[in-house]
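Protein chains: 4
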Amino acid sequence: MALEDNLPLVGEADDHFHDECGVFGIFGRSDAAAIVTLGLHALQHRGQEAAGIVSFDGTQFHVERHIGLIGDTFTKQSVLDRLNGSRAIGHTRYATTGGSGLRNVQPFFAELSDGGLAIAHNGNITNAMTVQRKLQKEGAIFSSTSDTETVLHLVATSKERDTNTRFIEALRQIEGAFSIVALTSKKMIGCRDPLGIRPLVLGDLDGAYILASETCALDIIGARFVRDLKPGEMVVVTEKGIESFFPFELKENPRFCIFEYVYFARPDSIVEGRNVYEVRKEIGAELAREMPVEADIVVPVPDSGTPAAIGYAQAAGLPFELGIIRNHYVGRTFIQPTDSIRHMGVKLKHNANRRCIEGKRVVLVDDSIVRGTTSQKIVQMVRDAGAAEVHMRIASPPTRSPCFYGVDTPEAAKLLASRMSIEEMAEFIRVDSLSFLTIDGLYRAVGEAARNAEQPQYCDACFTKDYPTRLTDHDSTDNVRTLSLLAAGGQ
Amino acid sequence: MALEDNLPLVGEADDHFHDECGVFGIFGRSDAAAIVTLGLHALQHRGQEAAGIVSFDGTQFHVERHIGLIGDTFTKQSVLDRLNGSRAIGHTRYATTGGSGLRNVQPFFAELSDGGLAIAHNGNITNAMTVQRKLQKEGAIFSSTSDTETVLHLVATSKERDTNTRFIEALRQIEGAFSIVALTSKKMIGCRDPLGIRPLVLGDLDGAYILASETCALDIIGARFVRDLKPGEMVVVTEKGIESFFPFELKENPRFCIFEYVYFARPDSIVEGRNVYEVRKEIGAELAREMPVEADIVVPVPDSGTPAAIGYAQAAGLPFELGIIRNHYVGRTFIQPTDSIRHMGVKLKHNANRRCIEGKRVVLVDDSIVRGTTSQKIVQMVRDAGAAEVHMRIASPPTRSPCFYGVDTPEAAKLLASRMSIEEMAEFIRVDSLSFLTIDGLYRAVGEAARNAEQPQYCDACFTKDYPTRLTDHDSTDNVRTLSLLAAGGQ
Amino acid sequence: MALEDNLPLVGEADDHFHDECGVFGIFGRSDAAAIVTLGLHALQHRGQEAAGIVSFDGTQFHVERHIGLIGDTFTKQSVLDRLNGSRAIGHTRYATTGGSGLRNVQPFFAELSDGGLAIAHNGNITNAMTVQRKLQKEGAIFSSTSDTETVLHLVATSKERDTNTRFIEALRQIEGAFSIVALTSKKMIGCRDPLGIRPLVLGDLDGAYILASETCALDIIGARFVRDLKPGEMVVVTEKGIESFFPFELKENPRFCIFEYVYFARPDSIVEGRNVYEVRKEIGAELAREMPVEADIVVPVPDSGTPAAIGYAQAAGLPFELGIIRNHYVGRTFIQPTDSIRHMGVKLKHNANRRCIEGKRVVLVDDSIVRGTTSQKIVQMVRDAGAAEVHMRIASPPTRSPCFYGVDTPEAAKLLASRMSIEEMAEFIRVDSLSFLTIDGLYRAVGEAARNAEQPQYCDACFTKDYPTRLTDHDSTDNVRTLSLLAAGGQ
Amino acid sequence: MALEDNLPLVGEADDHFHDECGVFGIFGRSDAAAIVTLGLHALQHRGQEAAGIVSFDGTQFHVERHIGLIGDTFTKQSVLDRLNGSRAIGHTRYATTGGSGLRNVQPFFAELSDGGLAIAHNGNITNAMTVQRKLQKEGAIFSSTSDTETVLHLVATSKERDTNTRFIEALRQIEGAFSIVALTSKKMIGCRDPLGIRPLVLGDLDGAYILASETCALDIIGARFVRDLKPGEMVVVTEKGIESFFPFELKENPRFCIFEYVYFARPDSIVEGRNVYEVRKEIGAELAREMPVEADIVVPVPDSGTPAAIGYAQAAGLPFELGIIRNHYVGRTFIQPTDSIRHMGVKLKHNANRRCIEGKRVVLVDDSIVRGTTSQKIVQMVRDAGAAEVHMRIASPPTRSPCFYGVDTPEAAKLLASRMSIEEMAEFIRVDSLSFLTIDGLYRAVGEAARNAEQPQYCDACFTKDYPTRLTDHDSTDNVRTLSLLAAGGQ
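Chains as they are written, first to last, in our numbering: chain A, 1 to 491; chain B, 1 to 491; chain C, 1 to 491; chain D, 1 to 491.
By construction, these hints were calculated from the structure, which means they are not laboratory data. Hints may contain errors.
To be verified - Pairs of lysine-lysine, DSS-like flavour, derived with a Cα cap of 25 Å:
no., chain 1, residue 1, chain 2, residue 2
1, B, Lys465, B, Lys414
2, B, Lys134, C, Lys137
3, C, Lys187, B, Lys137
4, D, Lys159, D, Lys187
5, B, Lys134, B, Lys159
6, B, Lys134, C, Lys159
7, D, Lys230, D, Lys186
8, A, Lys159, D, Lys187
9, B, Lys230, B, Lys186
10, D, Lys76, B, Lys76
11, B, Lys137, C, Lys134
12, A, Lys159, D, Lys377
13, A, Lys134, D, Lys159
14, C, Lys465, C, Lys414
15, A, Lys186, A, Lys159
Stated by the list, open to error - Facing chain A, a subset of chain B residues (Cβ under 7 Å, in silico):
no., residue
16, Ser185
17, Cys216
18, Asp219
19, Phe245
Every residue gets a Cβ at the ideal spot worked out from N, C-alpha and C, and that includes glycine.
Using the sequences and the hints, build the whole thing.
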């Protein structure tokens with residue numbers, strides 16, 4: 001309700017790509033829904049709009065979906081009491097334009113002819129609309145605008161009788177990026193798309209298997225990290241244990257999303273074998289080596305630029321300083337009741353720490369630039385606080401293309417880097433110098449010698465336009481807009 | 001409502017002294033209530049439980065009080081629309097035990113015989129209960145348990161006719177720490193107690209006077225910082241301008257609360273002429289000089305330990321690392337639905353960054369230790385993550401005595417430092433070494449040569465038991481409990 | 001909240017005088033608050049806007065006040081659980097213009113120097129504003145706009161030490177109509193004004209004393225009706241039993257509100273010894289005798305006209321028919337979203353039963369006419385349904401003057417009967433004939449031979465302008481408006 | 001929310017069969033949703049739990065569904081503002097056990113391959129479960145447990161291309177009782193089952209066609225009653241006008257639900273040509289003729305027994321008296337917080353009017369007896385009030401069998417008349433005499449000479465077990481329980 005009644009954010013909309021979703025499931029633990037709640041809380045950075053949990057108590061499925069933060073909605077005793085059972089899966093979700101509202105909150109649940117099925121996913125099925133149209137022609141009824149419901153229908157319409165086979169048949173019909181967690185009356189199923197674009201890890205809590213988007217969701221409950229699911233792997237957890245399947249022909253190398261390291265994942269997570277914080281510091285160090293500058297202090301744009309700024313400061317031998325203070329109490333919305341306020345450049349989220357900055361040559365470190373509007377304001381704020389020089393260093397290459405794999409990105413035309421050269425961008429945000437990390441620098445930070453142009457080791461399409469999958473829903477016209485009929489991104 | 005229905009916090013209660021309140025007022029600006037909302041948002045760190053705003057539109061006063069964060073409650077157009085007028089004052093409040101509920105949310109408002117009066121304060125009136133009893137015997141009816149209402153009654157019962165004189169008469173009857181902002185149909189009044197224990201600053205926004213607890217509330221709206229109010233000063237803002245009064249005999253030196261520098265104030269504020277971030281860094285540097293240790297990395301307990309950790313790392317020449325990651329989505333409450341969860345040591349708020357810590361000798365920097373329970377858990381978490389050694393460095397002296405000046409502190413018996421030696425504390429929280437900053441080190445960090453034992457330059461009673469005022473309400477018995485009848489702390 | 005967001009009622013605002021309030025108290029029954037909840041539910045017809053209950057558990061007072069119907073707000077287990085104790089009083093309230101909002105919901109409660117005092121009342125203190133101004137000059141702070149709070153202040157400022165004496169001293173300073181129920185840590189006190197204008201009865205439930213506005217509130221819980229409180233009587237219930245006091249000099253005859261029989265009281269109540277239903281039927285019979293008419297059927301305006309219509313039909317020997325059907329699901333507010341709807345004469349509350357009315361000569365019976373707008377619409381509706389003739393018979397004399405005794409009446413100028421002759425009124429509401437009961441007819445219906453003009457046996461000021469008390473708050477100017485500063489009517 | 005938090009009703013659960021649902025639609029009126037809101041308000045007696053409206057604005061469908069009364073939920077400007085468009089249909093619903101919750105609130109809406117389709121119905125599809133199982137085997141996903149969704153799926157899976165034909169194909173596959181209102185982007189469709197068991201009328205408001213369950217929903221907005229839809233008729237309203245289709249082979253006579261006259265319909269409605277109030281009065285007169293008794297007064301059990309009691313009193317020449325007063329403020333839930341209260345026989349809804357009843361021989365008239373528990377309590381209440389004799393007269397034959405046509409009835413074993421003789425029932429409810437109307441008496445009251453046993457003129461299965469349709473879902477086992485998997489009754 002607050003979402004609709006409150007006024008839109010003044011000034012500093014958060015200028016980032018927004019991943020997307022977090023998923024979590026546990027099988028065989030008496031207080032399953034409470035564990036899922038904690039897991040989703042640890043994954044809250046992957047989506048703050050809404051969340052859902054489905055549990056199974058041996059007889060019945062229980063579904064709860066709420067708008068808001070996990071800690072505000074799923075911590076009521078009454079909510080948890082309704083989520084009986086020792087098996088549960090959950091999902092936390094970022095709001096994409098148009099697709100909000102409870103009916104799009106995952107997990108989706110339906111009673112199929114052979115029993116209940118709940119399903120949640122992180123990613124985006126790039127042929128969902130095409131498949132949906134086909135299913136609708138056959139009489140299927142869609143109750144949401146989410147691509148996730150498509151998977152539910154594909155499982156439902158499978159003529160196979162065995163659950164695993166039905167699921168495999170469904171998976172083979174979808175394209176794109178997806179890390180899926182599903183629950184039936186007998187099984188918890190997890191799977192990753194053939195390229196492993198989105199993360200999904202397996203954990204263990206005293207013998208109960210866990211599926212989660214990131215390892216930080218295992219840490220919060222003291223669960224053991226077992227391993228990442230492999231690209232294209234489907235695991236099936238039953239009372240007897242865990243089985244592994246590989247439904248897809250794997251022709252290519254994996255293409256894990258490199259932006260998870262740049263911004264999405266939590267710094268304390270271990271993603272595909274690497275600690276995110278260490279990668280970000282290394283990115284900062286690469287940046288210092290690639291783009292050095294004479295300066296007095298290194299200041300992060302908090303919090304996303306902080307690890308890279310630490311890495312930069314250490315590599316450059318410059319002091320790391322909190323020259324910008326972040327107000328963590330900012331909600332998602334804020335007032336702009338009058339024109340006078342709208343025009344006064346209110347600093348809801350960040351404030352320059354004047355005494356720290358005054359008269360200094362400042363290296364400002366941020367993780368990325370999307371539209372550039374926030375960078376512009378922050379630079380102005382730092383200048384107003386008396387900085388002698390402002391040198392912006394960005395911990396990733398310029399983001400030039402939208403993501404179709406479960407990330408909320410503006411259309412290409414709104415991406416600053418797609419319409420300006422670096423020089424123009426520097427002018428636009430009014431810095432003395434602006435540098436981005438090179439694509440090879442980014443690959444070095446994750447331990448590669450360089451990007452392999454023939455067979456890139458990661459999905460880096462937002463930097464390179466090199467999309468690793470077909471984009472069926474908009475192949476013909478290349479019109480991104482048509483996709484908007486279906487909410488993007490497993491969201 | 002959420003406050004009552006949600007379950008209590010698991011594990012990591014925030015183990016800090018809790019200041020208290022923030023106040024903000026503006027006189028002569030068409031969108032006054034919206035400005036106050038922004039100001040209170042910037043002061044949110046001084047109190048997150050509830051907030052209130054009273055505006056005056058030239059004819060009528062409008063009162064709104066809400067439980068929750070400013071950004072969630074005062075940003076609705078309907079709320080702001082009801083707060084007409086070009087003059088408004090507001091208050092944000094920390095929840096103290098027992099005293100929550102809307103009727104205790106400030107500002108308080110009453111129609112007196114000569115018109116409306118709204119009043120909000122930060123601090124604690126140490127003879128409020130004594131005064132209240134006297135007033136009750138004369139037939140006064142109290143509708144709250146807040147000490148602030150006492151001031152309202154004192155103004156109301158004054159036989160004087162002039163508002164300023166009535167106010168001065170009331171102020172002379174109260175003792176303790178108080179920074180007051182009040183609004184009548186003609187005036188905005190601000191005042192600080194004779195020792196200036198709590199902060200209050202004067203600002204200016206295009207000719208409209210502002211009163212605020214900290215300068216960060218001026219920054220958010222681009223207002224100009226004019227000056228701190230002087231200890232014992234009362235300023236009266238009318239349409240004609242501003243006048244200054246000194247109602248109290250000032251016998252002693254000022255005694256500004258030194259803990260504002262340690263923890264309460266926001267790092268970007270300028271408090272009594274000093275930048276809080278710089279003081280905290282200097283505290284960290286003093287700590288490194290006083291209590292050096294062989295180590296590999298310096299890790300802050302985020303976010304309160306971060307500036308001191310940066311100062312420590314710079315002074316010690318050690319790398320500053322984010323070895324502990326904080327989850328900023330933690331609400332005020334969280335689940336503990338089952339015993340199994342309660343006993344699993346859930347890490348809702350902090351997680352160790354294992355790869356960063358493993359095998360390292362860690363200097364852990366925090367601002368203070370209150371009960372020690374959180375420190376214990378964090379140290380355990382750091383050890384579990386594989387730290388070779390853990391050396392705790394605290395950016396203030398041991399806190400041994402409760403504060404009676406508007407800060408929520410546990411009774412003395414619950415303060416770890418009041419019942420243990422430093423060695424015992426080290427053992428209790430299981431560190432390889434534990435050191436606190438000395439009191440003289442703290443005074444050096446704020447620019448003094450040392451503490452002047454005869455005439456201390458600050459209020460440091462929480463470290464020294466040297467209370468700068470009478471404590472009338474509990475003089476005879478020295479029983480802190482009796483105070484609880486009246487909610488402590490201007491709250 | 002619903003009150004503010006919903007749109008105003010279309011068309012048929014309920015055109016009645018609106019009593020006012022219901023009070024209920026019980027002393028010495030373990031589930032006291034639940035009993036009060038039931039009692040207030042039975043008194044819901046006396047006020048639907050809001051209700052409050054204060055209980056005392058031997059140590060503490062508990063206060064709950066809610067906007068809405070008893071059955072929606074006080075039936076939650078959590079609410080009742082908070083209202084511990086074996087003694088409780090409650091109040092249900094009609095919304096008067098301007099004075100709504102939780103802070104005006106009774107009972108009022110304050111901690112006085114000698115302990116807690118809760119107080120609720122039905123009626124209106126006609127010198128409340130005068131007393132309030134005097135108290136404010138002495139420094140009293142009023143937290144509501146209700147006249148009830150005045151009584152609280154008078155008790156609080158009494159210099160007497162004994163509770164009974166303090167109460168008596170307070171009662172002697174107030175004028176008007178009041179049936180008060182109060183609760184202290186030791187006593188439940190009930191009292192009626194010297195003329196007994198408002199009702200108050202004493203009951204007994206297995207040894208626990210009850211005070212209630214009407215006997216129907218005793219019936220719901222199977223309590224025994226003991227007696228009406230006498231005009232001017234104050235009863236004090238303690239653990240030892242009940243004592244009776246008469247604080248006032250009783251110079252005059254009692255003047256019970258005759259309109260309680262006409263409309264306010266519930267038909268099944270026994271009021272001052274008479275059954276309301278029987279009185280209303282007798283009123284109908286008088287009306288048939290006084291104002292006969294050739295007709296086919298007698299149709300009540302439901303539900304308020306029903307008993308009189310039955311009496312009329314029986315006396316006139318005509319069939320009683322439900323020619324108008326009432327929709328009981330009408331809330332307090334309803335839509336008028338568009339002009340087209342506003343102008344279509346929506347019949348939210350009543351519908352003519354066409355087949356029953358068509359071609360018939362209809363005697364339409366209602367209890368009273370206030371503004372006449374509803375009558376106009378209902379007559380039109382009956383005509384549209386094909387009635388051959390419409391003869392309106394009103395079960396009371398014309399209402400010409402406002403009530404100052406706790407009843408919500410429009411100012412005199414808006415009372416149809418104050419600005420039109422009966423002929424003009426007949427034309428205004430477009431009936432073939434219109435007759436009102438005579439004042440003597442009304443007195444006959446309640447068992448008197450006629451009205452005693454020297455010493456009227458009832459308060460009938462709304463018909464006669466013969467106010468039985470001083471109207472201090474508007475004596476000088478005779479300006480009713482000034483009263484509105486203070487919410488009228490113990491409400 | 002209130003539904004879940006409030007405590008269950010004390011004592012007097014409403015002991016009636018509960019119809020079911022009301023439907024309403026309008027095509028071609030700018031403020032369509034507001035009109036539907038008014039229409040549903042007039043149909044509120046057909047279902048109070050929840051309601052929904054779907055509108056179409058020429059481009060988009062808008063869906064709103066809310067728990068609660070129309071007047072509380074659909075009267076907010078914000079709700080109506082979201083329901084743009086000149087075409088809208090709505091539904092109001094009674095809560096059946098198990099099937100509550102928003103996902104079961106109608107109208108149901110889905111985007112089919114050829115556009116959106118909204119559908120609402122009153123009745124019950126007696127082969128819904130069988131059809132649903134078949135559809136699920138083919139992969140259909142059901143998002144509710146309502147039989148209405150089945151129709152949606154049948155339309156969706158039709159291979160026909162023309163909407164009318166698709167609809168007809170769907171209708172031919174369902175059995176039972178149904179009055180359906182549907183909306184597509186081009187059409188509003190209405191239809192009744194082949195036997196016309198449930199009512200559906202056609203109206204006209206200044207050229208805009210209306211479909212509604214009862215004529216009282218036309219009256220509220222001043223719409224013109226055109227005619228009843230014929231049994232088995234399907235009407236299609238487009239911009240060009242209205243067309244009529246007859247999809248079913250009509251082998252039998254119509255079988256309109258005779259219980260609509262007894263209890264369900266509103267007295268002011270004209271149902272299948274007869275005014276409900278007149279029928280009920282005639283029922284009362286038949287009862288007086290069939291089952292006369294020496295008595296002093298006739299007292300209705302309000303409000304359901306009132307018209308029959310009037311008819312009885314007129315036919316018997318006895319006075320009609322309001323011997324029982326109903327409290328109209330009873331919500332759906334009420335307290336039973338303590339055992340002592342649960343056992344005190346609280347009279348939340350009815351109170352005996354003692355003075356009216358005392359010493360009298362009372363004829364008590366009610367419309368029906370279901371479980372008998374309420375009758376028992378009411379008789380006891382009348383006896384406690386001093387009645388000399390109590391003679392119960394029931395305005396319908398004994399109800400012996402459950403309804404499978406959209407009415408909430410207890411299983412047969414709980415129907416008092418299915419397990420007791422009339423003498424036993426009289427003893428059970430402790431009356432001096434008990435009589436029911438004969439089935440022929442009931443037929444006479446609706447204008448027939450008698451019931452035609454070969455070809456009954458009405459559906460009277462609840463009295464006779466003579467079900468007019470197949471009951472496919474429970475043919476084999478005759479186990480009513482299995483039906484409960486699917487919420488009964490278009491509800």
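Could you check the structure against the hints above and give me the numbers of any it violates, in ascending order?
Of the numbered hints, 8, 12, 16 and 19 do not hold.
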